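Asks: The numbering of the sequence shown is UniProt numbering, which starts it at 1 and goes up by one.
Any given hint could turn out to be false.
Unchecked claim - Taking lysine-lysine and the DSBU-like style, the derived pairs with C-alpha atoms no more than 35 Å apart in a straight line are:
hint : residue 1 : residue 2
1    : 141       : 231
2    : 120       : 222
3    : 231       : 124
4    : 222       : 121
5    : 124       : 16
6    : 231       : 16
7    : 231       : 88
8    : 141       : 222
9    : 88        : 201
10   : 120       : 16
11   : 121       : 141
12   : 201       : 141
13   : 16        : 141
14   : 201       : 231
15   : 120       : 141
16   : 201       : 16
Unchecked claim - Here are the simulated distance ranges between beta carbons:
hint : residue 1 : residue 2 : range
17   : 234       : 68        : 22 to 30 Å
18   : 66        : 252       : 25 to 33 Å
19   : 231       : 135       : 34 to 42 Å
20   : 20        : 125       : 21 to 29 Å
No lab work stands behind these hints, which were simulated from the structure alone.
Keep in mind it's a predicted model, so treat the numbers as computed, not measured.
Beta carbons: idealized from backbone N, C-alpha and C, even for Gly.
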Amino acid sequence: MVFYFTATGNSLYIAKQIEPDPVSIPQAMRREQLEFTAERIGVVAPVYGHEMPPMVREFLRRAVFHTDYFYILLTYGNRHGGAAELAKRLCDECGVAVDYVNVVLMADNWLPGFDMEEQKKLDKNVEGQLASILADLNERKRMISTVTEADREAHRQFLERTRQMPADAWQHLLRVTDACTGCGICEKVCPSGSIRVSGGKAVHIPGHCQTCLACIHACPQKAIALTIPEKNPQARYRNEHISLREIIAANCQQ
Numbered sequence: 001m002v003f004y005f006t007a008t009g010n011s012l013y014i015a016k017q018i019e020p021d022p023v024s025i026p027q028a029m030r031r032e033q034l035e036f037t038a039e040r041i042g043v044v045a046p047v048y049g050h051e052m053p054p055m056v057r058e059f060l061r062r063a064v065f066h067t068d069y070f071y072i073l074l075t076y077g078n079r080h081g082g083a084a085e086l087a088k089r090l091c092d093e094c095g096v097a098v099d100y101v102n103v104v105l106m107a108d109n110w111l112p113g114f115d116m117e118e119q120k121k122l123d124k125n126v127e128g129q130l131a132s133i134l135a136d137l138n139e140r141k142r143m144i145s146t147v148t149e150a151d152r153e154a155h156r157q158f159l160e161r162t163r164q165m166p167a168d169a170w171q172h173l174l175r176v177t178d179a180c181t182g183c184g185i186c187e188k189v190c191p192s193g194s195i196r197v198s199g200g201k202a203v204h205i206p207g208h209c210q211t212c213l214a215c216i217h218a219c220p221q222k223a224i225a226l227t228i229p230e231k232n233p234q235a236r237y238r239n240e241h242i243s244l245r246e247i248i249a250a251n252c253q254q
């Protein structure tokens with residue numbers, strides 16, 4: 001059993017290499033009961049600010065897992081900032097006994113920091129990383145990915161910068177431009193129901209936004225943008241192995 005959270009397909013691609021029918025965390029969170037039993041259970045998710053998305057953290061807090069082997073795989077695009085250690089700490093707080101935590105370097109979809117056209121050109125040896133991880137899982141290896149002091153310092157600096165921002169700053173990063181045609185794709189790819197079409201135009205609803213940027217990357221008109229500068233406002237990203245239909249099925253809250 002594999003659970004995943006995805007915005008642009010990276011984590012879904014990894015999850016599908018482990019099991020053909022992984023379970024979407026945004027869809028699982030709609031269930032009244034979150035109790036799961038399997039011989040092996042895993043979670044695959046991206047890291048935002050070196051930690052798992054808020055919805056994934058809430059899933060781990062609420063769910064009960066009955067398994068002999070629990071693992072977490074974290075996809076990231078530049079610096080993981082000790083994500084494996086932070087995930088292990090969260091699991092300890094939640095009472096989840098985690099046996100294996102590893103990271104996977106993939107394309108980075110964070111638009112303020114990276115040009116998506118350049119990211120598409122980079123070869124980050126995803127298949128090689130994946131082969132090694134699959135071997136670990138099949139052997140039921142027990143380990144937490146190495147974290148350096150430089151990784152920890154990167155996270156400390158991120159937290160310091162975050163403390164200087166308004167408490168709800170991450171909830172106000174999106175803006176809808178006049179290019180919006182009201183097609184509704186943004187609404188369908190949002191995992192938290194934070195964007196709706198009203199009066200023929202998309203409207204962002206702060207409060208539970210995961211800042212995953214799924215809506216921005218999926219908008220066919222590039223009508224959703226950030227309130228801060230982007231590296232390349234004309235470039236968007238979706239994992240080449242994952243279809244828009246799959247992301248809609250994973251995230252749609254309608």
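Asks: For the pair supplied as a hint, residue 120 and residue 141, confirm whether the alpha-carbon distance does not exceed 35 Å.
Replies: 32 Å, holds
Asks: Within a Cα-Cα threshold of 35 Å, do residue 231 and residue 16 meet the stated pairing?
Replies: Answer holds: residue 231 to residue 16 is near 30 Å, not above 35 Å.
Asks: Tell me if the straight-line CA distance from residue 16 to residue 141 falls inside 35 Å.
Replies: 20 Å, holds
Asks: Taking the Cβ atom of residue 234 and the Cβ atom of residue 68, is their distance within the range 22 to 30 Å?
Replies: Check failed, 49 Å falls outside 22 to 30 Å.
Asks: CA of residue 121 to CA of residue 141, is that 35 Å or under?
Replies: Status holds; Cα separation ~33 Å.
Asks: Please work out if residue 231 and residue 88 have their alpha carbons no farther apart than 35 Å.
Replies: Between residue 231 and residue 88 the Cα gap is close to 33 Å, so the pair holds against 35 Å.
Asks: Quick one, are residue 141 and residue 222 close enough, alpha carbons at most 35 Å?
Replies: 43 Å, violated
Asks: Measure nothing beyond the straight line between the CA atoms of residue 201 and residue 141; if it is 35 Å or shorter, mark the hint as holding.
Replies: 49 Å, violated
Asks: Tell me if the straight-line CA distance from residue 201 to residue 16 falls inside 35 Å.
Replies: Cα-Cα ~34 Å, so holds.
Asks: For the pair supplied as a hint, residue 88 and residue 201, confirm whether the alpha-carbon distance does not exceed 35 Å.
Replies: Violated. Residue 88 to residue 201 sits at ~41 Å, over the 35 Å cutoff.
Asks: Under the criterion that the straight-line Cα-Cα distance not exceed 35 Å, is the pair residue 141, residue 231 satisfied?
Replies: 39 Å, violated
Asks: Between residue 222 and residue 121, is the straight-line Cα distance small enough, at 35 Å or below?
Replies: 21 Å, holds
In summary, the numbered hints that this structure violates are 1, 8, 9, 12 and 17.
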